[in-house]
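Trainee: Use the sequences and the hints to build the structure in full.
Read top to bottom, the protein sequences are chains A and B. All residue numbers for the first sequence refer to the working numbering, where the first residue is 1 and numbers rise by one. All residue numbers for the second sequence refer to the working numbering, where the first residue is 278 and numbers rise by one.
The set of hints was computed from the structure by calculation and includes no laboratory data. No experiment lies behind these values; they were computed from the predicted model shown. Glycine residues also receive a C-beta, built at the ideal position from the N, C-alpha and C atoms. Careful: at least some of the hints might be erroneous.
In silico negatives: residues of chain A with every beta carbon more than 12 Å from chain B [said to hold, decoys possible]: (1) R56; (2) G168; (3) E246.
For lysine to any residue, the following SDA-like pairs were computed, each having C-alpha atoms within a straight-line distance of at most 25 Å [claimed, not checked]: (4) B:K339 x A:F104; (5) A:K159 x B:K339; (6) B:K302 x B:E352; (7) A:K5 x A:W17; (8) A:K94 x B:I361; (9) B:K398 x B:R424; (10) B:K513 x B:E310; (11) A:K272 x A:T160; (12) A:K159 x B:E384; (13) A:K159 x A:I108; (14) B:K380 x A:V181; (15) A:K176 x B:D360; (16) A:K159 x B:Q373; (17) A:K94 x B:N335; (18) B:K398 x A:V183; (19) B:K339 x A:A84; (20) A:K272 x B:Y383; (21) B:K380 x A:H178; (22) A:K159 x B:G340; (23) A:K176 x B:Y355; (24) B:K475 x B:G432; (25) A:K176 x B:I343; (26) A:K176 x B:D453; (27) A:K159 x A:L68; (28) B:K339 x A:T179; (29) B:K391 x A:M163; (30) A:K159 x A:I144; (31) B:K391 x A:T179; (32) B:K339 x B:I362; (33) B:K339 x A:Y92; (34) B:K339 x A:V99; (35) A:K176 x B:S425; (36) B:K391 x B:G413; (37) B:K339 x B:D360; (38) B:K513 x B:F286.
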Amino acid sequence: MRSGKVIKSKIYFGGTWVIAAITLAVLIIIIGFVLVKGLPHISWEFLSQEPSNMGREGGIFSVIIGTLLCTLLAVLIATPIGVAGAVHFNEYAKEGRLVAVIRFFTEILAGIPSIIFGLFGFAFFVVALGMGWSILACGLTLAIMILPTIVRSTEEALKTVPMSYREGSLALGSTKWHTIVAVVLPCCRSGILTGVILGLGRAIGETAAVMLTVGGALNMPTSLMDSTRTMALHLYTLANEGISDEKTYATAALLIILVLLINTAADLISRKAMKDS
Amino acid sequence: MNTMKKKAFEIRDMDLYYGNFQALKQLNIDIYEKDVTALIGPSGCGKSTFLRSLNRMNDLVKGCRIEGDIRFDGEDIYAKDYDIITLRKNVGMVFQQPNPFPKSIYENIVYGPKIHGVRDKKTLNEIVERTLKEVGLWEEVHDRLHRSALGLSGGQQQRLCIARCLAVEPEVILMDEPTSALDPVATSKIEALIQELKTKYTIVIVTHNMQQAARISDRTAFFLVGEILEVDDTQKIFTNPANKKTEEYISGRFG
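Mentor: Structure follows, in structure tokens:
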């Protein structure tokens with residue numbers, strides 16, 4: 001009886017070990033494959049030169065700039081709105097029916113395929129508002145896409161702030177608003193930052209929503225109203241049109257490195273947050 | 278004797294409801310200036326609820342409704358135009374669990390004064406030193422004022438919370454079982470502190486500890502299921518209570 005249980009437990013343990021190993025192996029193979037094929041083609045020239053001949057030659061400097069502009073713009077727009085929304089849900093509105101409805105839609109928003117965001121961005125920002133294919137239209141579209149991530153992580157962070165902090169502040173004669181700004185939000189710094197970085201990661205890797213809103217120009221952008229190209233979109237275009245194998249993999253490798261860095265940063269920050277609290 | 282003292286709070290016919298549930302019934306009590314008033318009674322009898330209505334912390338509780346007359350310095354604190362910010366500045370509160378903010382010791386103390394408009398660095402420094410000395414914490418922490426308050430022991434944290442409360446120069450300090458989360462040594466320090474503070478402040482303290490009430494308070498109110506059964510000088514309550522229930526409770530027959 002007893003030994004039967006022990007054997008069973010060993011089988012389960014062995015099973016989970018194998019599955020874990022497979023998961024890890026798949027990850028390593030994918031990342032390794034891209035890095036092995038791409039890293040040899042990453043050079044200073046690749047990073048610092050602008051692409052020429054449709055990306056067949058030269059580097060991807062203007063694409064890197066385009067990527068940074070689009071994603072940073074998205075984060076800059078989505079962060080204040082997302083944090084304000086989370087504060088409203090968690091600190092002011094509490095358990096109203098309207099909040100439940102809005103929260104439900106926020107969850108849905110998080111699950112919508114990104115091409116839908118792209119289509120909306122195209123119809124609304126690019127066409128209806130007349131922004132054309134531009135960094136602005138792309139940044140706004142990506143902002144809407146990453147908003148749920150920021151709202152949710154901020155809300156989670158707000159929930160971990162003990163009620164006693166709020167009471168302590170109010171009992172000293174502080175207003176609710178001042179309590180939120182001076183005591184509650186500072187406790188949430190790491191949580192909010194984690195959400196922002198996760199959003200950033202999602203925005204950087206996004207292709208479909210970007211493709212329909214930013215156009216794909218390869219020249220160096222000079223204003224937010226210019227069309228540009230992000231790394232993910234560049235990668236898609238190079239691969240799809242069979243322009244250059246080595247530039248494709250070099251771009252892919254760079255993109256993977258960037259995303260890994262961003263996720264590591266998010267991980268470090270959320271670990272620090274756990275330690276702090 | 279007490280008739281000579283000024284009243285800080287006058288409560289007349291106070292009822293408090295949580296939704297349809299009546300938590301406090303027809304309370305009548307005077308709280309005198311520079312007295313320590315202890316609120317005793319079994320769990321769930323409404324002592325903390327009553328305490329939290331004196332600085333309107335119950336406003337945070339959804340569905341909480343108060344009727345009757347609660348006057349602080351002669352003014353109805355539940356009047357529509359009564360300034361709740363000033364009330365809470367004048368009526369400070371110390372909680373059951375020490376709740377310093379996750380900031381430095383210094384920042385914890387200057388938090389209140391800054392809210393109420395003190396900006397001058399020198400004044401703030403003086404407030405920090407004065408209040409920490411008042412609670413007997415200065416010697417222990419003066420060389421680490423800018424370290425996190427969360428690094429202090431439980432007893433030190435509670436004294437810091439009292440100092441934080443003193444920093445806004447209140448008239449009254451409400452204490453909600455301030456020693457129930459502390460060890461005996463820290464508890465006796467807080468009790469000694471309360472004895473010193475009562476020369477300058479009016480103190481209302483909720484306590485589960487009968488000996489504590491007897492040791493530190495001038496007047497005691499005995500609560501039972503939402504009513505004040507008896508309120509009188511502490512000595513009288515503990516030696517010759519008028520109500521039979523009071524006697525049974527303080528002699529440990531229930532609660």
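Trainee: Now, for every hint given, state plainly whether the structure supports it.
Mentor: Evaluated hints:
no., hint, in the structure
1, R56, "55 Å, holds"
2, G168, "4 Å, violated"
3, E246, "51 Å, holds"
4, B:K339 x A:F104, "24 Å, holds"
5, A:K159 x B:K339, "18 Å, holds"
6, B:K302 x B:E352, "21 Å, holds"
7, A:K5 x A:W17, "18 Å, holds"
8, A:K94 x B:I361, "22 Å, holds"
9, B:K398 x B:R424, "18 Å, holds"
10, B:K513 x B:E310, "19 Å, holds"
11, A:K272 x A:T160, "14 Å, holds"
12, A:K159 x B:E384, "23 Å, holds"
13, A:K159 x A:I108, "21 Å, holds"
14, B:K380 x A:V181, "14 Å, holds"
15, A:K176 x B:D360, "14 Å, holds"
16, A:K159 x B:Q373, "21 Å, holds"
17, A:K94 x B:N335, "17 Å, holds"
18, B:K398 x A:V183, "21 Å, holds"
19, B:K339 x A:A84, "23 Å, holds"
20, A:K272 x B:Y383, "23 Å, holds"
21, B:K380 x A:H178, "15 Å, holds"
22, A:K159 x B:G340, "22 Å, holds"
23, A:K176 x B:Y355, "18 Å, holds"
24, B:K475 x B:G432, "19 Å, holds"
25, A:K176 x B:I343, "21 Å, holds"
26, A:K176 x B:D453, "22 Å, holds"
27, A:K159 x A:L68, "32 Å, violated"
28, B:K339 x A:T179, "19 Å, holds"
29, B:K391 x A:M163, "22 Å, holds"
30, A:K159 x A:I144, "23 Å, holds"
31, B:K391 x A:T179, "12 Å, holds"
32, B:K339 x B:I362, "19 Å, holds"
33, B:K339 x A:Y92, "12 Å, holds"
34, B:K339 x A:V99, "17 Å, holds"
35, A:K176 x B:S425, "24 Å, holds"
36, B:K391 x B:G413, "23 Å, holds"
37, B:K339 x B:D360, "20 Å, holds"
38, B:K513 x B:F286, "21 Å, holds"
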